[in-house]
Amino acid sequence: MAVTEASKRFAQHEELITGTEAVAQALRLADVDVMAGYPIRPYDSVMSAVAKMIANGQMDADFIIAESEHSQFEIVKHASATGARVFVGSSGVGWMYAMEAIVVTAALRLPVVALVGNRALDDPGAFGVEHNDALAVRDAGWLLYWVAEGQEALDTTFLAYRVAEDARVSLPCALSMDGAFLTHSQHLVMVPEKDLVEAFLPPYDLKKRRFHPDNPISIAPQYNEDWVMETRKQSDAAMRRARGVIAEAYEELRRLTGRGDPNPFVETYRIEDADYVLIGMGTVAMPIKVAVDQMRERGKRVGFLRIKWFRPFPDEELRHFLHGRKGVGVVDRDYSYGSTRHGGAVYNEVRSALYDLADRPPVIGFIAGLGGREVSVEDVFRIQEQLERSAAGDLLAESAHWIGVRGPVE
Amino acid sequence: MAITEARPAGRPDLAPIRTIRDVPVEEFYTSGHRTCQGCHSALLMKYLAKAAGPRTVTIGATGCMYVANTSYYATPWVIPWMHTQLGATGAAVIGAAAGYAVQQRKGKLPEEPINVIGIAGDGGGADMGLSAISAALQHTQYNALIILYDNESYANTDIQASGSTPWGAVTAFTPSGTVRRITQDRWKKNTPAMLVAGHPEARYIGSASAAFGVDVMNKIRTALRVGGPTYLHVHDACPKGWDFDPRYSRELGQLAVECGVVPLWEVVEGELRYNGITRQIVEGRRKRKPVREYLMRQGRFAHFTEDDIEYFQSKVDEMWEKWILPGFLPVAALPEGLPRPGRKLAAPADGAVDEGAAGEGAGEAAP
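Just so you know, the protein sequences line up as chains A and B, in that order.
Residues 1 to 410 in this note's numbering are what the first sequence spells out, letter by letter.
Residues 1001 to 1367 in this note's numbering are what the second sequence spells out, letter by letter.
The shape of chain B in the complex, shown without the other chains:
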């Protein structure tokens, strides 16, 4: 391979996407994959490739976005893609980023910003790969973005529970039985907030949903532009794992945010911002929908009784009403005399469209 073309060094020139017209027409994740109908993780792959553009390499850990996407001879990736082991996304992006950095420094490669993006599922990212992602976020000299596509189960193998599976959901490992109705008795792990808390030097960590395409693409661009090791946690509706008709993926993804189950936020260089519908809820401009509307659309919660729904609602209420920062910091009690932190929050980054603020379905129009 001849690598001769000179390109500008420094950070990538990725402008914020203000309207749908700013979204690049070019596809870098195209036909050739075998993901399920209505797969929002595949939609996320398309968004990330569009947002990051052609000077990008992607590294995908084992998971459905490996097995369903890269069947030999039929890859949808137009930009380079490489496999990494299930628990190694953090290590893989640091290795690749270091490879480019050293070779560029030594003159073995021309200097230019190369977007290194690692892709982990919730099984690989929130479970076995968590230590490597944490380690990656400490190597602040390298530019790399880790995206966790959270479809809330090991969706590649046969839908088994992960640390990111919601309480009560039926999976292959957590069935509903005649004696024990609920066997998924673990509450969903708060992976992105955990990473914020532990990595004060990381310059970008965010939470997003594939149901809000422009918001996702802007978050990816912000993370790449800000640089250093960064992390984005994206909630993806999964028709197979959640057991609903594929035509409702976007609705389900949006409901998760509207019901307050999945809050959207980002921490950019130490500053917390709530985004879209979540921001409206935080600021009191919008009411949360009952979680029943979200839960009862999915077969994985079909065994729920009224008590189960009530319990789920109470846990979500607790997060919104008692946590110091809703959806973010699960600490309710403050020492006597210490004022509760205010809700004065920064405006969205770079004048980007505050998607969701415009009302329901704002993300629908993304290409």
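One chain only, chain A, in its complex shape:
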């Protein structure tokens, strides 16, 4: 996208940095106050990067080394309640170890921003990417975003704070980032100067909810059945309002930087006239886009749609872009044992989103790239071939197709 006039007012410079370093740069610019770290690969390099910036005097923040993920998330939860802007993160089973603190953070409506460096859940000890860790909060009241490249990592960190801290939303936000493929691979990233961030991101103000001696409130008192339904409904209303706030924030960031996909919720690639659309989250976009280009050269009308915000889920966009297609193939980097048609989580959400359409397309599930296995361009060709066969065949007999599994594993 061309650089607009507005964006020229703000100084930016280009750096070759990893996905986690891009997030760290955003944290410095967002003037984050308190961070808590506990080591687990691959998320942890973001904490190494901010620790170095603090040590070098480039950033004024307290970086607290926790003794567990559970403590890590409780530290930032309580710092956030005092009005501090906070950051935290984890990966794989570490994210699961913090789960108790993670769910109450959402219930308390505290705008904690977290990075999930996606990693397979042990056992076996595996460092590679799988999305099941972050997907565990899909029902917990967290905003949930899947990043695909370095610039997006930096920009979305600002977006996360702006949306999470907006009084209409006030929900925590997790940014998911594929382990190794994005966390540890380098990208050319435009890093803005402070003025742009100040124009975009207002100071965090908890107002009447600040935990402070001047404001003697009780936070999270105990109630059994009395008010739980109302509390849950309020969180639901906030999640619904988040859609509008995300769109506003995205538009503002585009105005200030002159960059960014026009649609905040999904990225579309060559889908205008596509008969078949592949869907995925995160870095699987790269091999799929290359494969789409090559299939297009061979005359196949194939496109790609990348889901960016998983919560709130972009069902309006999916209905808009996918109605009437000959087939939709969802590539899940996760699994949901025993779920509908033995498919992945994204597959089932997409299928559900399209159910109400009169001209709904057949939706086929694919499980690929688990545990960090590479999804190759050839894998995408295989996915497309299977999609075409399945879309023409007996859908009721289908379960999700596993791509690239070696040998008989039944």
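Calculated from the structure, these hints are not laboratory results.
All of these numbers come straight from a predicted model, not from anything done at the bench.
A hint or two may mislead.
For lysine to any residue, the following SDA-like pairs were computed, each having C-alpha atoms within a straight-line distance of at most 25 angstroms [said to hold, decoys possible]:
#1 A/208 to B/1189
#2 B/1106 to A/199
#3 A/300 to A/248
#4 B/1189 to A/67
#5 B/1108 to A/209
#6 B/1046 to A/223
#7 B/1106 to A/53
#8 B/1106 to A/54
#9 B/1108 to A/53
#10 B/1108 to A/300
#11 A/207 to B/1189
#12 A/207 to B/1071
#13 A/207 to B/1325
Given the structure of chain A, go ahead and fit chain B onto it with the hints provided.
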């Protein structure tokens, strides 16, 4: 919320309480709770709020002091209170203390000392929260006090055994059966001494009893004044968990100290002091009462035989007669030729009343 009033920075100005007349009249933990009659943990909440005063925030972990205290619309807390997860007291106070410290440093909040007090039960503190409390005591740049109210069971759920439950006590998980009379076969964990041993940089760690109110309030004030991450372990009589008539809470709490089961001490900036009745026992000015007097007043020990009482007494005797430091350091043998450390002990802090030294019932008069 407008936070505009300028207040002095630095450590809180909390004077020692010398007599009962020094105790503030204002209540910051008042009506509106649903704790049991005779609950000494609730009494401790009242003491800590009084001692710390209005520039305080409290963070309570899951436990009976959460569930019974903060029923929605009926909170007794006049000062701010926030819930934290069962095992997270240490992390919660560090997070809040860091939140204030950073915002004050950056000019986002006016500079002033804010007392951050975390409250854990023995289940949350001595069991699952122990690692977070230990971690908190290492973050010496933050001012926060962690208070463990030790009523010796998971008193909120249905009285189940914790790491802090005494040997032999009947709980929901450790009943007395026809084949096995004693199923609570673990000796009580020495949590505060363990924390002293492992955290030489912590400037205040103490052991107290809610039966001695002035002593508790002074310990809270000393901890807050000394600063850094600090810890106070308070033994609280629990009529429901221990099975006795609520009118005897103070007597039971006091008996635990008089029988030598619960020693009172504090380590202030590296110096160990015994307090009150415990100090009198250590200095040989007072005899320990037999543990039978303490045990047989409680239904949880009603199944004890003479042998059980004798065993319990022998373990307490061992602590007093063989440990290098009674109630504190469970090491009896010293290498050949190494002198046994003396019992020369510092005077109580800041000229505070040495409660208990005045005799039985000295703590009774606390408001």
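Open item on the list: Tell me the hint numbers this structure goes against, listed in increasing order.
Closed with: Violated: hints 1, 3, 10, 11 and 13.
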